[in-house]
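**Student:** Chains A and B are the protein sequences, given in the same order.
Sequence positions in the first sequence follow this note's numbering and run 1 to 171.
Sequence positions in the second sequence follow this note's numbering and run 1 to 414.
Treat the hints as calculated values from the structure; they're not laboratory data.
Note that the coordinates shown come from a computational prediction; the quantities given were computed from them, not determined experimentally.
The C-beta atom is built at its ideal place from N, Cα and C for all residues, glycine as well.
Each pair of labels, with its calculated beta carbon distance range:
1. B/Gly349 / A/Lys40: 43 to 49 Å
2. B/Pro399 / A/Asn126: 17 to 23 Å
3. A/Asp159 / B/Lys65: 24 to 30 Å
4. A/Lys40 / B/Arg335: 27 to 33 Å
Covered by chain A, according to a simulated footprint, are these stretches of chain B (three or more residues, beta-carbon under 8 Å):
5. 58-68
6. 258-271
7. 336-343
8. 363-370
Residues per chain, in single letters:
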Amino acid sequence: MLRLSRFAAPTVNRLVSRSIAPAASRFYSISIPESSPVRKYGSGDIKLRFSKDHEWLALHEDNTAFVGISEYAADSLGDLVYVELPEVGTTVEAGDSIGAVESVKSASDIYSPVEGEIVEVNEQLNSTPGVINKDPMGEGWFVRIQLANPNEIDSLLDDTAYEEFLAENSD
Amino acid sequence: MSFSNSIACSMSRFARNYAKIPTGVRRFASASGAEGKTPLYNWHIEKGATMAPFAGFSMPIVYPKIQSHIESHNWVRSSSGLFDVSHMVQHIFSGSEAKAMLERLTPIDLEAMTPGTGSLTVLLNDDGGIVDDTIVTKLDDSEYYVVTNAGCREGDLAYFKQAIETEFSQVRHTVLDDGLVALQGPKSAEVLNSLTQFDLSTLKFGHNQLLTIAGIPGCRTARGGYTGEDGFEISAPADRTAELADALISANGGGVVQPAGLAARDSLRLEAGMCLYGSDITKDTTPIEASLTWVVAKGRRSPPRNDFRGAEVVLKQIADKSAAKRRVGLVATGRGPPARGHAKIFAAGAGPDAEPIGEVTSGLPSPTLQKNIAMGYVKKGFHSSGTEVELEIRKKRFPAVVSKMPFVPTHYFR
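Go ahead and model the full structure; you've got the sequences and the hints to work with.
**Tutor:** Below, the structure is given as structure tokens:
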């Protein structure tokens, strides 16, 4: 789960409050681009899900899932300049922090949407965090997680539900 | 707040007739909690701004269709940005007691200032704590233009009311409903030059002049701002503020001035080492602790003019260097996450159980320096430039060094 501005200073909160989220009128892409490394990882079906805190999760047939933040979230945060990734091998519960992303104006935790083990992190983000803004569901993926229980994704939103959620919740 | 130094110069007349300004329109936030709208609200919406509540107003944070936060920040450092700061509170204090009242409430020396000049100062309480920071401009001996922070609006109004009711009953206090915009950046002067007959080379940093800009008379224009760059803060009649903003954006063929939001305003002011009231300075900090000793004018430090509120505490801290904490600049020495407000500050090499020596009040990754910068308070003894410290971020500590401010050199027109 992405929690906007969790670590942000009162300074920053005063400037960039929870309702910093951009207007809903804008179109946000919620599909994985053809060129995405997330797509290229496996040849089988990919199940795409979203959390209500604007993370996406792409589950492959080997029961590992790429996780990142949605275009909407990346847009809300602005230019990302720093990323804190978890260590490979870390086991996480749903809701555990798996790192943080920071823009000039705010810092946000990223929480795992599922239970599992971190099996890969996107090291490229350490040197070029702005990739998340440019290609949030492609080169900007955050981690790959081995799911403890693949059925857990049923509690998340599919793309249609997420699109409706965006329309309802951004004003 | 705006510019960070006091300057004197000569000015002629300030002909604006304040009596004509409608004061019945309360465009600020109502008690019902709905956000107020500045005269540029629709202008921001048309430009696709991301709006957010700030100090009771719906304010633009960034204009994503035009520039990202970092692009906007860099634009102000290299060209010119236009900020809506109409949420700030503009006051006129007039009458024979106006000077005495402002000198009771602040440590400013209005006698040493020439009409047409302004200075940053602080409203103080009896403990020497900062009630707000403010720019006070002397229009003439009995008329003063004062700009205070939006977030302090209600508190400041009560504070002034109390001073008038208890001690300075002859002071007339008017709150203006005018719009206020800040044009900031190295190309601001050439842009403004193209829209006014006035010779701006005679308007130095800290000076104030009524101008006709783009055919709009009565634009009270102060040279200075909150970014460290050359620039102007222009107060214009509310019903013509959007027209002024359009003229500035289109000036010199367009493309020189871009609208800028509060996100860039915050990162620019921090690079310039300027305080944000409520974070970097509060009622619990004195100007000495806040490293703003220079706002205590030399002429106000000894009898008979050492009679400003809180003088006893403030002057003692100057005399015996007894301030227990000091506001300092902090620059991270390595790569790592930026420290934000409330990050704890530790002495370099302090053990895991050590007590912190202070706390960060503002911090972010500086777009200009490409380093993490912050300001915060440290215990006396740790405040000298070059002192090595550690900042705790998400339970890890990262090295930083106490540094002089501004972090980015200022470029004022003096």
